[in-house]
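S.K.: Here are the chains, one letter per residue:
Protein chains: 2
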Amino acid sequence: MTDERATLMIAASESDSNLYYATRFMAPDPFIFIEVKGERLLVMSDLEMDRAKSQATVDRVLSYSEVERRLRAEGVTEPGTADVVHAVLQERGLQRLLVPGNFPYIHAARLQELGYQLATKKEPFFEQRVVKTGEEVRHIEAAQRATEAAVAAAHDVLRAAIPRGGVLWSDGVPLTSERIKQLINVKLMERDCVAQHTIVAGGEQACDPHNEGSGPLPADRSIIFDVFPRSGQSRYFADMSRTVVRGTPSPELRRLYQTVKDSQEEAITKIRDGADGAKIHQGICARFEAAGYRTELVNGRMQGYFHGTGHGVGLDIHEPPRISRTGSPLQEGHVVTVEPGLYYPGLGAVRIEDMVLVTRNGCRNLTNYPKTFELEC
Amino acid sequence: MTDERATLMIAASESDSNLYYATRFMAPDPFIFIEVKGERLLVMSDLEMDRAKSQATVDRVLSYSEVERRLRAEGVTEPGTADVVHAVLQERGLQRLLVPGNFPYIHAARLQELGYQLATKKEPFFEQRVVKTGEEVRHIEAAQRATEAAVAAAHDVLRAAIPRGGVLWSDGVPLTSERIKQLINVKLMERDCVAQHTIVAGGEQACDPHNEGSGPLPADRSIIFDVFPRSGQSRYFADMSRTVVRGTPSPELRRLYQTVKDSQEEAITKIRDGADGAKIHQGICARFEAAGYRTELVNGRMQGYFHGTGHGVGLDIHEPPRISRTGSPLQEGHVVTVEPGLYYPGLGAVRIEDMVLVTRNGCRNLTNYPKTFELEC
Chain A
1 MTDERATLMI
11 AASESDSNLY
21 YATRFMAPDP
31 FIFIEVKGER
41 LLVMSDLEMD
51 RAKSQATVDR
61 VLSYSEVERR
71 LRAEGVTEPG
81 TADVVHAVLQ
91 ERGLQRLLVP
101 GNFPYIHAAR
111 LQELGYQLAT
121 KKEPFFEQRV
131 VKTGEEVRHI
141 EAAQRATEAA
151 VAAAHDVLRA
161 AIPRGGVLWS
171 DGVPLTSERI
181 KQLINVKLME
191 RDCVAQHTIV
201 AGGEQACDPH
211 NEGSGPLPAD
221 RSIIFDVFPR
231 SGQSRYFADM
241 SRTVVRGTPS
251 PELRRLYQTV
261 KDSQEEAITK
271 IRDGADGAKI
281 HQGICARFEA
291 AGYRTELVNG
301 RMQGYFHGTG
311 HGVGLDIHEP
321 PRISRTGSPL
331 QEGHVVTVEP
341 GLYYPGLGAV
351 RIEDMVLVTR
361 NGCRNLTNYP
371 KTFELEC
Chain B
1 MTDERATLMI
11 AASESDSNLY
21 YATRFMAPDP
31 FIFIEVKGER
41 LLVMSDLEMD
51 RAKSQATVDR
61 VLSYSEVERR
71 LRAEGVTEPG
81 TADVVHAVLQ
91 ERGLQRLLVP
101 GNFPYIHAAR
111 LQELGYQLAT
121 KKEPFFEQRV
131 VKTGEEVRHI
141 EAAQRATEAA
151 VAAAHDVLRA
161 AIPRGGVLWS
171 DGVPLTSERI
181 KQLINVKLME
191 RDCVAQHTIV
201 AGGEQACDPH
211 NEGSGPLPAD
221 RSIIFDVFPR
231 SGQSRYFADM
241 SRTVVRGTPS
251 PELRRLYQTV
261 KDSQEEAITK
271 IRDGADGAKI
281 HQGICARFEA
291 AGYRTELVNG
301 RMQGYFHGTG
311 HGVGLDIHEP
321 PRISRTGSPL
331 QEGHVVTVEP
341 GLYYPGLGAV
351 RIEDMVLVTR
361 NGCRNLTNYP
371 KTFELEC
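Here the protein sequences line up with chains A and B, keeping their order. Under the working numbering, the very last position in the first sequence is 377; numbers go up by exactly one each time. Under the working numbering, the very last position in the second sequence is 377; numbers go up by exactly one each time.
Chain A with its partners taken away, still in its complex shape (with noise of 0.2 Å):
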C-alpha cells in the first residue's frame, strides 16, 4: 500500500461537467474515472468501448464487462460499480481516494467497506475549470452570439405588436410568453444550442425571478427575458438577460429600470483580477438601498434584490466563482454573469444580465446586445 492517492469518478458525463471537462467525451450512462499515478484511465461498457478509445481524452480504456467477466471467474457473485473499481485500483495498491463533492453515496459506501478512505472538496473540483482557455471563451461567446440573435428575433416581434387593453397584440390574438419563448427556443435550436427554462416573464409573473411566464404578455409593465442555452458542439452555455417594455411605462417602472441599469453597469466597471465577489455584490446591495429600494419580505413574499450578483459560466450555467454574499476572489480568466434586479409586486421587475470574461485590469464585456428598455416599432 502507498500514500497515494486515486482521483475516482462514477457518473454520466451528460449529467456531470467534471467528468466531461476531464474526458471531454460525452455518455449518456454512467462510466467510471480513475486517476492513479499520473495515468487517467475509463472502464467502459462494451456500448461505448470504440467511441470511448477514440474520443476521451485518457491514456487508457478498460471494457467493464472484461473486468466482471474476472471477477466473477474470482468467485464474486454480483460484481458492482465499487467492485469492479476495486479490481482496477487493488492492483496498484491504493487505499485514498479523491472523490468529487456530488459522488454517489451508493458507491462510497462500498468503497468505504471494502477499506478505501474517502476524501472529497468543495467546488471547483478542478481548480483549472473555473479558468477559462481561450477556446473555452470562444466556445462561451458562440453560444453568446446564438443568444442575442434568438433574442432579437423576439424583441422584433414584440416591436410589432399592438398595446390594446392591457395586453400586446400579435397577429389579431394576444402575444404570449409560450409564443414568444417558443420563437427564441427554435432560433436556437437552428443554431444547434439547446435552451430550456427560458424565462419571457413579464409584469406580476416577473416578480418572481425564477417564473418562466405564461400567457398573454402585458403592455407598459416590465418584461424580463432571460435566455441561457448551452451549445450542443462545444456543451459550453451562454447567459443574458434584458428586460424591455412594449407601450408606456410608468414613471416608476422608469426609475426602476435605470436604477438597475446603473447598478449593474458600475458594478461591471469593478471587475477585475484580485476583486471580491462579495464587495461587488454588497456595492449592488447598498446601492438599491440608498436610492429607496428596500429588500424585505412583505406579506410573507420576498421583493427587493434577493439573489446573488452573477455566478461563472461554462460547462454548466452556475458553475463557481459567485458574485454574491458568500463572494469569493475574481481572476482572470474567469466568465462571469452581472444581474442585479429588482423585483416589486404591483410595481414589476427589472434584471439586467451581462456576461464578461475578468482580464487583469477589468473585464471583457461577451455580450453584444443593446439595453433598450422601451422598444418602439
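Note that these hints are calculated values from the structure, not bench results. Small disclaimer: the values here were computed from a predicted structure and weren't measured. Beta carbons are placed, not taken as given, at the ideal position from N, Cα and C, and that holds for glycine. Careful: at least some of the hints might be erroneous.
Below, simulated BS3-like cross-link-like pairs (lysine-lysine); rule was C-alpha separation at most 27 Å, straight line [stated by the list, open to error]:
no.	chain 1	residue 1	chain 2	residue 2
1	A	K121	B	K279
2	A	K122	B	K121
3	B	K261	A	K121
4	B	K261	A	K122
Which stretches of chain B does chain A cover? Using the computed rule of at least three CB atoms under 8 Å from a CB of chain A, they are [stated by the list, open to error]:
no.	stretch
5	18-32
6	48-54
7	115-123
8	206-215
9	293-307
Output of the computed footprint for chain A on chain B, the stretches with three or more beta carbons under 8 Å from beta carbons of chain A [said to hold, decoys possible]:
no.	stretch
10	181-187
11	191-200
Starting from the known structure of chain A, arrange chain B on it as the hints suggest.
M.R.: Just chain B now, with coordinates in the frame of chain A:
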C-alpha cells in the same frame, strides 16, 4: 430519539428526476427535500420560496436563509447544507436517514459526522415511479407523437434526396447527418420537445451504436435514426429508432434488416405483466445466433449484438426496468423500449426501437410509425 427514518434528498430537480418526481417542482440549483413522520417538506433559497410554495407538491416550504440565520445566531460560523438539514431534523429527534444512491458524498460525510446513520437503496428509489399512471403515459405519448412528426419530416427529405456517387444529394449539395439532425431537433423544439444527442448515422458510423453521425449520408447503406426528446412541459421522454436506406441495399443488408425486425416484433409479443426481461433479451440473442449473426470482438472492436434490448422511459431516458442480461420481471404499467440491433463494420448496422406500455396480458405499442427500410421517392 426514535427508530423512525426520514427520507432525504439534496439535489437540483432540473437534473434529478427522483426529486422532481417527489415534488413536481423544477429548480436549477440544489435544494433539500425531507419526508419525516408523514410530512414532506422543502428547504428553499429565498429565490425559489414563492414558486416552491405555489408549485411543489409538499406540505411545507421552509426558508434556507432563515434556518441559516438561526444557526449563525447559535454560533455555527459557516453552516453548510448538511448543517441546515441537521437543524431541521434535530427537533424531530431522528437519526436514521434513507437517501438515494446518488446522494452527494460530501453531504453524507458531514451528516455521518453529525451522528446520522445513512441507508440507501438501488433504483428505483421510489418504487411507484416505474409504474406509470395514465397521465404519465399520456405525457410520454405526446412526446412520442412529436418524435414521429419530426422523423417523418426527416424521412421526407431523404426520400427526395438523390443517390449519386455513394452519397445522398439534396438541393445540389451532399445531404449531411448534421442537416437532418438539425431538422429533427428544430421540428421537436417547435413542439416544445428538447432533443439532444439525436442520432442520424449511416454506413460505418452506424456500427457504433452511440455515434451521432456526421458528414454526408451514404446511399445504398443503412442509416440509423434514434430520437429521444424530452417534453419541456411535462419533462417526460419518448424514444424511437428506425433504420432506413435510400438507394439499393445489398441482399446481405436486406437480410440483416429483416432479422432485426423479426426479432424485435417477436420480442414485443412476449412482453406482458410478469414476463422476465432477461429471458426476452436472451431470446433475441439466441435468434441472432441461430441466424448466423455472431457477437464477438473482431480486431479489438465489438460486433453483433452488444447492448441491452430495452429500458424504462419516463422522467429519465434510461430508467428501470431493464430488458437485458440483468433484466428484471416486467410489470403492468412499465413503459419500456424494445430495441434490438445488429452492427457489422463493412456490412452496416440496423436498430429498430418501439416504446410499449406493459399490460396485464401483453402490451400496448405507444409507437405509431411505420417500419419502412427502403425509402422511395
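S.K.: Hints first: check each against the structure and report whether it holds.
M.R.: Against the structure, the hints come out as follows:
no.: 1; hint: K121/A x K279/B; in the structure: violated (44 Å)
no.: 2; hint: K122/A x K121/B; in the structure: holds (25 Å)
no.: 3; hint: K261/B x K121/A; in the structure: violated (50 Å)
no.: 4; hint: K261/B x K122/A; in the structure: violated (50 Å)
no.: 5; hint: 18-32; in the structure: holds (count 4)
no.: 6; hint: 48-54; in the structure: holds (count 4)
no.: 7; hint: 115-123; in the structure: holds (count 3)
no.: 8; hint: 206-215; in the structure: holds (count 4)
no.: 9; hint: 293-307; in the structure: holds (count 4)
no.: 10; hint: 181-187; in the structure: holds (count 3)
no.: 11; hint: 191-200; in the structure: holds (count 4)
Checked against the numbered hints given earlier, the structure breaks hints 1, 3, 4 and satisfies all the rest.
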